[in-house]
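A.B. asks: When you get a sec, could you build the whole thing from the sequences and use the hints?
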Amino acid sequence: MDIAQKFITDYLVTACSEPLPSEDELAKFAANVQLVLNGLVNMLKLKFQTLYGSMVQRVLKLIIDTLLFQYERGICNVFLGDCRKMMLQFLLSLRCDSSCRCLAYLHERRVTPMANAFVVVDRCYERALNEKANGHSSQESNSNAQRTTVDGSDSNLIVHFNINELWELILKAIKKERYWPALKQLFVSLKYLLHDRYFIQGWQEQKTKQQQNSTVNNSS
Numbered sequence: 608m609d610i611a612q613k614f615i616t617d618y619l620v621t622a623c624s625e626p627l628p629s630e631d632e633l634a635k636f637a638a639n640v641q642l643v644l645n646g647l648v649n650m651l652k653l654k655f656q657t658l659y660g661s662m663v664q665r666v667l668k669l670i671i672d673t674l675l676f677q678y679e680r681g682i683c684n685v686f687l688g689d690c691r692k693m694m695l696q697f698l699l700s701l702r703c704d705s706s707c708r709c710l711a712y713l714h715e716r717r718v719t720p721m722a723n724a725f726v727v728v729d730r731c732y733e734r735a736l737n738e739k740a741n742g743h744s745s746q747e748s749n750s751n752a753q754r755t756t757v758d759g760s761d762s763n764l765i766v767h768f769n770i771n772e773l774w775e776l777i778l779k780a781i782k783k784e785r786y787w788p789a790l791k792q793l794f795v796s797l798k799y800l801l802h803d804r805y806f807i808q809g810w811q812e813q814k815t816k817q818q819q820n821s822t823v824n825n826s827s
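Residue numbers (my numbering): 608 to 827.
To be clear, the hints were calculated from the coordinates, so they are not data collected in a lab. Check the hints yourself; a few may be wrong.
[Unchecked claim] Restraint-style ranges between C-beta atoms, simulated for each label pair: (1) 714 x 665: 27 to 35 angstroms; (2) 609 x 645: 49 to 57 angstroms; (3) 717 x 629: 24 to 32 angstroms; (4) 632 x 610: 14 to 22 angstroms.
[What the hints assert, rightly or not] The calculated DSS-like cross-link candidates involving lysine-lysine, where the alpha carbons are at most 30 angstroms apart (straight line), are: (5) 779 x 635; (6) 779 x 692; (7) 668 x 635; (8) 613 x 668; (9) 635 x 692; (10) 783 x 668; (11) 779 x 668; (12) 613 x 692; (13) 652 x 668; (14) 783 x 652; (15) 782 x 668; (16) 782 x 613; (17) 783 x 692; (18) 783 x 635; (19) 668 x 692; (20) 782 x 652; (21) 652 x 613; (22) 613 x 783; (23) 692 x 782; (24) 613 x 779; (25) 613 x 635; (26) 692 x 652; (27) 782 x 635; (28) 635 x 652; (29) 652 x 779.
We put the CB at the ideal spot given by N, CA and C, even for glycine.
C.D. replies: So this is what it looks like as structure tokens:
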């Protein structure tokens with residue numbers, strides 16, 4: 608994980624340096640970055656027993672930070688266009704599994720659990736911790752707990768995924784994306800990616816409450 612992070616970071620820093628490297632060199636590095644990121648996505652999709660929730664958090668953060676870095680530094684060249692499309696499509700496919708309130712993704716129009724069943728989405732986090740403490744976890748969570756080896760604290764087992772980070776990234780991608788063919792291809796599949804997005808309602812309700820609280824505070 609640390610090696611992958613250093614490799615990607617080094618490439619992105621090189622890509623935005625002055626003077627710019629040659630196009631052939633950038634294309635070669637970009638292809639390698641795409642392979643690394645694709646490997647990280649596949650790691651999230653596979654159900655490795657040793658992949659703790661905290662590791663899932665780190666991989667997702669690296670993917671999000673990689674995209675944000677490109678947009679903030681203006682590295683929207685053609686070499687990483689397909690890579691960005693792949694990452695954005697995967698991030699848009701993330702959703703909350705209604706059966707266990709844990710992080711899942713859309714695969715062939717089916718909701719598929721993430722590698723670790725204890726990455727809990729947003730406001731479900733405290734509820735899942737309370738259920739675990741009270742011994743009332745769902746049957747699915749219990750089966751996953753039995754196959755997960757835990758050598759640390761519960762913070763490694765049950766972690767929180769902040770959906771706000773994801774939406775801020777998507778909005779920035781729409782505003783700053785310069786590789787339009789990739790973005791247009793992504794929009795074609797949006798109706799499938801956004802189908803049954805259980806946690807969108809939770810996020811919208813949270814934003815509405817924040818706006819209401821802000822209005823009350825301003826009026827007082």
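A.B. asks: Please flag the earlier hints that this structure goes against, numbers listed from lowest up.
C.D. replies: Going through the list in order, the structure violates hints 1, 2, 3 and respects the others.
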